[in-house]
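Participant: The chain contents come next:
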Amino acid sequence: MVKISLIINAQPWEIQVEPDETLLDAIRGKVGLTGTKKGCDSGECGACTVIMNGRSVNSCLVLAVEADGQEITTIEGLSHGQELHPLQAAFISEGAVQCGFCTPGMIMSAKALLDSNPHPSEQQIRQGMAGNLCRCTGYGRIVAAVEKAAQLIGGDRLDATGSRQTGNQV
Amino acid sequence: MQQVVGKPATKYDAFEKVTGQAQYIQDLTQPRMLWGKILRSSLPHARILNIDTSRAEKLPGVKAVLTARDLPRHKIGFGNDNEVLKGSKVRCVGDEIAAVAAVDEGTAQEALALIRVEFESLPGVFEPLLALSDPSVLVHEEKGSNLSISYQFMTDEKGVEAALDQAAVMLEDRFVLPFVTSAAMGTHGCMAAFRNGQLTMWSPTQVPFLYLHELSLALGIPGSRIRVIQPTIGGGFGAKLDMYPYEGACAHLAMVTGQPVKILFSREEEFQASRPRQPMLIDLVTASDREGRLLARKAKVICDNGAYNSWGSTTPFVGMQTVSSLYRVPNVRYEAQIVYTNNPYSGAMRGYGNPQHTFAVESHMDMLASKLGMDPLELRLLNANRSGDVTPQKMQITSCAFSETLRQAGENLGPLPSEQGKLRGKGLAGLIHVGGGARVYRSDGCGAVVKLDDMGRVVLLTGATDMGQGSDTVLAQIVAEVLGVEIKDVRIINNDTDLTPWDVGSHASRTTFIAGNAALLAAEKVRGELIAAAANSLQVAPESLILRNKRVCVDDNPERFIDLPKLIRSLHFREGGKVLVGEAFYDPPTEMQDQHFLGNVSVAYAFGAHGVEVEVDAGTGVIKVLGVTAAHDLGKAINPLGIQGQIEGGCAMGLGYALSEEMKVLEGRVINGNFLDYRLLTAVDVPEIKGIPVESEELAGPFGAKGIGESCCIPTAAAVANAVYAATGVRIKELPITPDKVLQGLNELRHVSGGQVP
Chain A
1 MVKISLIINA
11 QPWEIQVEPD
21 ETLLDAIRGK
31 VGLTGTKKGC
41 DSGECGACTV
51 IMNGRSVNSC
61 LVLAVEADGQ
71 EITTIEGLSH
81 GQELHPLQAA
91 FISEGAVQCG
101 FCTPGMIMSA
111 KALLDSNPHP
121 SEQQIRQGMA
131 GNLCRCTGYG
141 RIVAAVEKAA
151 QLIGGDRLDA
161 TGSRQTGNQV
Chain B
1 MQQVVGKPAT
11 KYDAFEKVTG
21 QAQYIQDLTQ
31 PRMLWGKILR
41 SSLPHARILN
51 IDTSRAEKLP
61 GVKAVLTARD
71 LPRHKIGFGN
81 DNEVLKGSKV
91 RCVGDEIAAV
101 AAVDEGTAQE
111 ALALIRVEFE
121 SLPGVFEPLL
131 ALSDPSVLVH
141 EEKGSNLSIS
151 YQFMTDEKGV
161 EAALDQAAVM
171 LEDRFVLPFV
181 TSAAMGTHGC
191 MAAFRNGQLT
201 MWSPTQVPFL
211 YLHELSLALG
221 IPGSRIRVIQ
231 PTIGGGFGAK
241 LDMYPYEGAC
251 AHLAMVTGQP
261 VKILFSREEE
271 FQASRPRQPM
281 LIDLVTASDR
291 EGRLLARKAK
301 VICDNGAYNS
311 WGSTTPFVGM
321 QTVSSLYRVP
331 NVRYEAQIVY
341 TNNPYSGAMR
351 GYGNPQHTFA
361 VESHMDMLAS
371 KLGMDPLELR
381 LLNANRSGDV
391 TPQKMQITSC
401 AFSETLRQAG
411 ENLGPLPSEQ
421 GKLRGKGLAG
431 LIHVGGGARV
441 YRSDGCGAVV
451 KLDDMGRVVL
461 LTGATDMGQG
471 SDTVLAQIVA
481 EVLGVEIKDV
491 RIINNDTDLT
501 PWDVGSHASR
511 TTFIAGNAAL
521 LAAEKVRGEL
531 IAAAANSLQV
541 APESLILRNK
551 RVCVDDNPER
561 FIDLPKLIRS
571 LHFREGGKVL
581 VGEAFYDPPT
591 EMQDQHFLGN
601 VSVAYAFGAH
611 GVEVEVDAGT
621 GVIKVLGVTA
631 AHDLGKAINP
641 LGIQGQIEGG
651 CAMGLGYALS
661 EEMKVLEGRV
671 INGNFLDYRL
681 LTAVDVPEIK
691 GIPVESEELA
701 GPFGAKGIGE
711 SCCIPTAAAV
721 ANAVYAATGV
731 RIKELPITPD
741 KVLQGLNELR
751 HVSGGQVP
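If you read the protein sequences in the order shown, they are chains A and B. Residue numbers for the first sequence follow this note's numbering, beginning at 1 and rising by one. Residue numbers for the second sequence follow this note's numbering, beginning at 1 and rising by one.
Be careful, since some hints might not be right.
[Unchecked claim] Distance condition first, Cα-Cα at most 25 Å in a straight line; then the derived PhoX-like pairs of lysine-lysine: (1) B:Lys-525 <-> B:Lys-451; (2) B:Lys-525 <-> B:Lys-7; (3) B:Lys-488 <-> A:Lys-148; (4) B:Lys-7 <-> A:Lys-148; (5) B:Lys-690 <-> A:Lys-148; (6) B:Lys-488 <-> B:Lys-566; (7) B:Lys-566 <-> B:Lys-525; (8) B:Lys-300 <-> B:Lys-371; (9) B:Lys-488 <-> B:Lys-7.
[Unchecked claim] Label-pair restraints from in silico Cβ distances: (10) B:Glu-120 <-> A:Gly-54: 51 to 61 Å; (11) A:Glu-83 <-> B:Met-1: 33 to 43 Å; (12) B:Asn-50 <-> A:Gln-124: 58 to 68 Å; (13) B:Gln-396 <-> A:His-80: 47 to 57 Å; (14) A:Gly-81 <-> B:Val-581: 33 to 43 Å; (15) A:Glu-83 <-> B:Gly-576: 39 to 49 Å.
Quick caveat, the hints were computed from the structure, so don't treat them as lab data. The beta-carbon is built from N, C-alpha and C at its ideal position, and this holds for glycine as well.
Using the sequences and the hints given, assemble the complete structure.
Facilitator: Here you go:
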């Protein structure tokens, strides 16, 4: 067992992990955040996507020890109380959710995409979500949801120095 | 004017799902829960000489190791040819040999490696044609043959032969369909707890009551002692119609250890040991007169059943309907043989045999059009089913907007303007499927209870399972509409056999129609009581009252009303008071097919058509789908938002079947059991899909609705094949349509035409 310290959804955690334990298993098993899903455990389906230091990663491909000292956001970190992140709200309103197993990973990939590119084209959205498999929806409603969320977040713009001004980020 | 039905509604459980709070089987746990694992056969066919579990039993943390010796020898599965754990012989890779329960997953996994199985390897049989012709390898020796089931349907035989004799055009082709698999994002898994003689089973089954029955047979305990709870289901698509052997083993582990036990499938197990769509060889003959009227069809079908009978062995019921009843065809002969092999055994998957048969039938429709020099749309319209038709299998067509869907999806068919090296074309294919239930068991019913409490909260208890498709939302809409409340006021309880009334299960696209009708009837009973009480209280005629905005009000004088909660309390809090509960069981007026496969199994039939536009790279054979137009006769769109999702998802599954998906099985072993090698389409691959609901107002459906779930994936592959032909002149009769097959076809055409690029 190895002790690691990390920040998950703005909460500091110290947990004991096995050297070969994945970040996914640590998040689900040790921290108890089961919103992050295990769909294949080999980095092929994207259901386990979380954001680590601003980048989306397949948490099944990251060893927990590699996440030592890192900052992680999971699906549970997006909403505040009953207030949903615009992506979550848009996934509901656009009908992007069916069985829902891919949904948390989809939303986290979409968040990473919109954080780096607040106004993506449809093609950029499709590219950005290509690592996340869905068997129910055919992706059309998901793409529509990301487009809608981009509009909802809309206040994001770049200032003169090129850094992002966040408008109504939740 | 409807307030809720027909308006887009967001998915009932979407909030839990977007916030990560939905609890799938993977997320459930219990105090003292053990982890179970299954030792699976690595050989496709072998006799088991000895199983030595002694080392595994001694491993610290292991609580139980079970083999066939420890279990009652009850046969399981459709056809009673399977066992929970195999004691004497394994018949496919992945067959269950032993089950382990341990304190954690790692220990259980380690214990599996300590079990020694002595096999005598047997030659396997992996080709159904060979399995039929050569009895030297028998998958089930006691059966004396590898033929599991055969089906034969025929109109008058002389009529079929006479029709073929007088036909102006006759086509005869073999169509080849591969293994594909549901690949739901949520893998299989279950959790069992056995306390005080009562078993509670958490399972993502699509058919909780049939599952409970099968579990009771497998375990040899009365069904009255079993409770099935369904967690949120991570997709089903048919693969969760079976009670799997591992689930019986899990229950046994819970019994012998006295602790809850959970077993989860890895993705690899999901590929090897869940039920795929069955591969088929379809030899189809289609005959027509000079004007293009269909005269006869003959089909001979060989299905690779795999090692045991699962639901896949019954899919000819559905395929036969496609051959006999998709378009008007008076003379039909259909034969299917279900053949045991040492391959993975096939089960149910969205469409249930229909995508395979529709691929053959609709490829032939296009080939016929081209032979007759007819427009493919015109040929189809000439032969399309219409309201009032009775098909050769005695299916009675009620509402039918087939022609309308064909016209909507079939604009601008044929070759399209192409650039250098990029060949474009558009193809069309239609479909028929059950849309008003399917009487394949003695009951095709569903129960519903609607309960109103003193605060006006409405609860629907329904047997109907939502595995993601959105039936919970549709049922909530129906109840909200009848009772004049908002969807948010309706709670759905649909996942616990102790609470919910009986239902056959979510299969055959039956839930909106059957469970919808049951919910409608139950809600109307409550509505009747509310209206009667309000009429009494307001001193008006019951006919003058409507329910709207949580009030019972006078239709032409909305100022005169009584609030629903107040009305309910007035019924409740008084001497001789009552609670408001309405109950209904809807079993549709249909019949099982007789031994000749005649009978109207569904109240209504769903129709539809897909038009697909493709671009083929003449140099590489790579196909790009430019767009899909999917028009579906669904009676009435109760939830247009849900319909859109069903259509888009179904089309994507159909495009995968057409272009990229093939579960490759080599000597019984899945060799591409992962998402890198088994290619599901991604967001980049799926084109714009234009879903067009066509409403035909089915009189027997709830608010006019028919089923849609499976229809959405049925004709897509055929439409792609027809589009590829339109673009290139290459006719592909074997799925998936890969670039190498297209290139080979293009090269053959070039050869024939003396080097001319088509």
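Participant: Hint by hint, work out which the structure violates, then give me just those numbers in ascending order.
Facilitator: none
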